[in-house]
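Asker: Please take these sequences and the hints and turn them into a complete structure.
Residue numbers (this note's numbering), protein chains in the order written: chain S, 641 to 940; chain P, 641 to 940; chain B, 641 to 940; chain F, 641 to 940.
In short, the hints are calculated from the structure, not lab data.
Values in this document were obtained by computation on a predicted structure and should not be read as measured data.
For every residue, glycine included, the Cβ atom is placed at its ideal position computed from N, Cα and C.
Hints are not guaranteed to be accurate.
[Unchecked claim] Restricting the straight-line Cα-Cα distance to at most 20 Å, the calculated cross-link-like pairs of lysine to aspartate or glutamate (EDC-like) are: (1) 890/F with 883/P; (2) 880/B with 740/S; (3) 743/S with 728/S; (4) 842/P with 785/S; (5) 890/P with 706/F; (6) 880/F with 887/P; (7) 880/F with 883/P; (8) 842/F with 803/B; (9) 937/B with 916/B; (10) 890/F with 834/B.
[Claimed, not checked] Among chain S residues calculated to face chain P with C-beta under 10 Å, some are: (11) 739; (12) 828; (13) 926.
There are 4 protein chains.
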Amino acid sequence: MKIGFIGLGLMGMPMARNLLRSGHEVTAYNRTRGRAEELAKEGARVADSPAQAATGAEVLVTMLADDRAVREAVLEGERAAIASLGREAIHISCSTISVEMSKELERRHGERGQGYVAAPVFGRPEAAAARKLLFIAAGEPSQIECCRPVMDALGRGVSIIGEQPWQANLVKIAVNFVLAGMLETVGESYALVEKHRVDARKFLEVLNGTIHSPVIESYGKIISERGYEPAGFSLRLGLKDTELALEAAKSSASPLPLAGILRDHFLQALAYGHGDLDWAAVAEISRINANVVRTLKAGG
Amino acid sequence: MKIGFIGLGLMGMPMARNLLRSGHEVTAYNRTRGRAEELAKEGARVADSPAQAATGAEVLVTMLADDRAVREAVLEGERAAIASLGREAIHISCSTISVEMSKELERRHGERGQGYVAAPVFGRPEAAAARKLLFIAAGEPSQIECCRPVMDALGRGVSIIGEQPWQANLVKIAVNFVLAGMLETVGESYALVEKHRVDARKFLEVLNGTIHSPVIESYGKIISERGYEPAGFSLRLGLKDTELALEAAKSSASPLPLAGILRDHFLQALAYGHGDLDWAAVAEISRINANVVRTLKAGG
Amino acid sequence: MKIGFIGLGLMGMPMARNLLRSGHEVTAYNRTRGRAEELAKEGARVADSPAQAATGAEVLVTMLADDRAVREAVLEGERAAIASLGREAIHISCSTISVEMSKELERRHGERGQGYVAAPVFGRPEAAAARKLLFIAAGEPSQIECCRPVMDALGRGVSIIGEQPWQANLVKIAVNFVLAGMLETVGESYALVEKHRVDARKFLEVLNGTIHSPVIESYGKIISERGYEPAGFSLRLGLKDTELALEAAKSSASPLPLAGILRDHFLQALAYGHGDLDWAAVAEISRINANVVRTLKAGG
Amino acid sequence: MKIGFIGLGLMGMPMARNLLRSGHEVTAYNRTRGRAEELAKEGARVADSPAQAATGAEVLVTMLADDRAVREAVLEGERAAIASLGREAIHISCSTISVEMSKELERRHGERGQGYVAAPVFGRPEAAAARKLLFIAAGEPSQIECCRPVMDALGRGVSIIGEQPWQANLVKIAVNFVLAGMLETVGESYALVEKHRVDARKFLEVLNGTIHSPVIESYGKIISERGYEPAGFSLRLGLKDTELALEAAKSSASPLPLAGILRDHFLQALAYGHGDLDWAAVAEISRINANVVRTLKAGG
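Answerer: Here it is in structure tokens:
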């Protein structure tokens, strides 16, 4: 397949590489060109603009940081992808973006007779490299089918949510909110246990023996060891995703009190200058506010 | 072993029965005598007072609802167990009680040369019946060893937290807080998804595929089907445990914002007259406040 | 003075009328033309577009609902005011808008050599009619001076915050947040008192005798009598202003937990379909969640 | 009148002194006897126990820190006041205590044919010295009348809430909650304004010009100048009063989210070791969490 690929970040790079390895023809664009050139060594063509990446593509994959990046690359101005994407071609958006942004993409692509599938992914960079991403897809069934080869080359499965693309984005946002909620919960409970000078490793053992979740297990370990660097997913992005949940809550008039706490704790972490730590460090805020530790970093 | 047993509720009854089946000699007391007489058919002796249950016992087991019930049965007045428990005998408290209460029990038993082990349990009534409880124990190592036969007859394992009994109570409180936090998190995310009229079963599938926790799986199912009756553990008890977390937070000066939300949502459920539903129904408050449903009960 | 005026809503109409009465020459634009024509009877010229209202004006006043309305009228497209506002002319923005929007207006006007003063107002429609508005102004001192005759014709005073226009917007947002916080506080305390069936009027008397604030006095009365119609300032606008506070909190990394509660309570009110009631009705959410009343409206 | 007086703290001392000056016969008890002896110079008799202070008194006044102190002095043991208070004598309790405690006092005094009036006060030590306290009274009308001379000698007015004593305690708790809520609101708004480096004094001016409350004015000044020492009313007592509100909320099943935030912020202040500062310092927590300041004390 002829594939355009925009966004060669921590996630996008291994994804594009895997497409090449599966035999697809990939034309890649990245804002800082160096990363695209790196990929050229593995057979990719380098595009000078999003528009060039989209030219002639059957499927255009975007893997970008946020709404703003998607808007810039896909919708705005002459160099944007939408202008040169062919009729019948399909844009598959793998980024975690807002429900509103997804609706706008659907409308704008629809006006030009282009297809649009939302397919945000679960998995960290290692999972991307190992073709173990999980896709949450929504859109017209026939369009989703067209994108199957792409998703098959990159992941371990596809959950289809519905026929309106934004539904996949909402589910992705809601699951990320649950993950963040678990971080907050574990963080508060840790602070409580540590403030009483009870052995937190024993607590973690009991917790694992009760909840039996690899998510609690891995984040519990990170929080226990305060191992927030390098970040698999940063506090800054955690804040972004919490804001996406709050926006979705606002547009549907759904109170979301836990998201309010998360927002404040992410903001406090940013106020202390640590937005680049792993988002599990949101647990440190509970420790700081209980005066168990002084700073977000180990040794503090 | 000669065992005194106080508290034949949903949990206590199957526990006492299992002690009998393991060949122990059990003298049982329950506030409403009928339940003790039921157990008499299986070989227990019926005590007229907590004091009588404690007389001659090597180990005294208590499995009661809250601090007040423990205080009444063990500490207060002439009929209380402490007055007749022998020197060297050991009280093993399996109830979920406060850190303060546990410290008072330790002190009072210590003054009389009696032993005291805190060993709260995880597991619902079915687990109690199936000898699958998990014990979280703390106390003097030699005293814990004396209680081993009791715990072995009732559960699938013992996690030893430390040498001060209250430490086990704190860990139990903290883990229950994590469970409640997960209920709140799942409840809010459900409300968000449902308010957007996205298929909540799809959402639950994705959630299970991401978190892989039997806890999320079972509670997700209950919340999905609104199956809050009969209660395995009631909203009223959920509020009690949240208050225990808040007390432990207060005595150690640890902020615990999520516990504040939980408290308010349990109170709202009680204000609506539904304290007897399963505590998973705390999720309904998010639905009600988003106007997805009108009442806590299915059909509302 | 030659004045352009955009936005003849509940506030803008009496303001424009007062400018006419003070002898100024007013060219007025409103999205629904009827209101402008009404004003024509009192001597205003009717503009067909924001651009026409700005043409030839020494001072351009905007009094609009939110960022979106300001962007549309002032910045976007050929009919927007900025295109035809003269060099040296000054735009005085009286709307409650975001810090970001205000910064963008400053930049865009600056690029064209136009002046820009932010001067949001305190006061309800009656105060606007009675020339009793309070202006919170910020901008270049000389530009503020040029706008003095306008503010003198409309209000009872001007507080100058600083030389950067957005500073006035931030102060306005922060004060509105304090007002909303007082509503929430009074609302929760009312629910507590009423749930105990204690006479709430007695409570209000004591409160007034303690706090001595006309704000508590007037809102306490509204809440006491549940007199939320007609709205002086709606729940919907209350939510908008809370969102402005949250945005300002985000851009400066300041946690704001009370704003989180307010947001959720405004959203709950909207979820129940009552966004048009006076924002004091946010107090009803506390009553509803304590099951003191069933609906937001009197009689519920 | 023959008056027994228990509790010569910051508030009790000037109150007892004013009773003496009004010509009443006062027998005073204080846990640390020195303060009672000080008062003896002004004509008081010194009691060796609460019981002795109550002996022969027509009215017994208590002005104590919390439930525990009242329980100890009035109800528990042989030296407690209730044992020697005469039939028909009246206990007027001026402390801020819980609704539950007040109900227990009513019941216990009633059993002995003694009267009981709850009459908590508003006012700081200076107001107590200047006979400017405000009494919030509840109880049997005839009993309240008997206590009039006492209240007239100490304050500037009496608000009668109802015939059940606990109603006065609830109103006192609710009003203190409103005051604490205003502190939180002002604290958060200050942090927001300061984080943007906008002149906070200008903000305070605008706030005062909008809210017109001496409470906001005086607390705004304290917060502005960070003048938290000496404390008129400490953070520790602020926490106690917030807990009273939360207890009253629990017993009536009323959610109270703002009280949850207050509790967490008072706890954070205590965790940092500053429980003795004035309760207005709760505002510092917002500053600390936004990283505007590093510690609760000026200069931090």
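Asker: Next step is simple, just say for each hint if it's right about the structure.
Answerer: Quick rundown of the hints versus the structure:
{"no.": "1", "hint": "890/F with 883/P", "in the structure": "10 Å, holds"}
{"no.": "2", "hint": "880/B with 740/S", "in the structure": "18 Å, holds"}
{"no.": "3", "hint": "743/S with 728/S", "in the structure": "19 Å, holds"}
{"no.": "4", "hint": "842/P with 785/S", "in the structure": "19 Å, holds"}
{"no.": "5", "hint": "890/P with 706/F", "in the structure": "16 Å, holds"}
{"no.": "6", "hint": "880/F with 887/P", "in the structure": "13 Å, holds"}
{"no.": "7", "hint": "880/F with 883/P", "in the structure": "16 Å, holds"}
{"no.": "8", "hint": "842/F with 803/B", "in the structure": "13 Å, holds"}
{"no.": "9", "hint": "937/B with 916/B", "in the structure": "11 Å, holds"}
{"no.": "10", "hint": "890/F with 834/B", "in the structure": "14 Å, holds"}
{"no.": "11", "hint": "739", "in the structure": "8 Å, holds"}
{"no.": "12", "hint": "828", "in the structure": "5 Å, holds"}
{"no.": "13", "hint": "926", "in the structure": "7 Å, holds"}
Every hint, counting from the list given before, is met by this structure.
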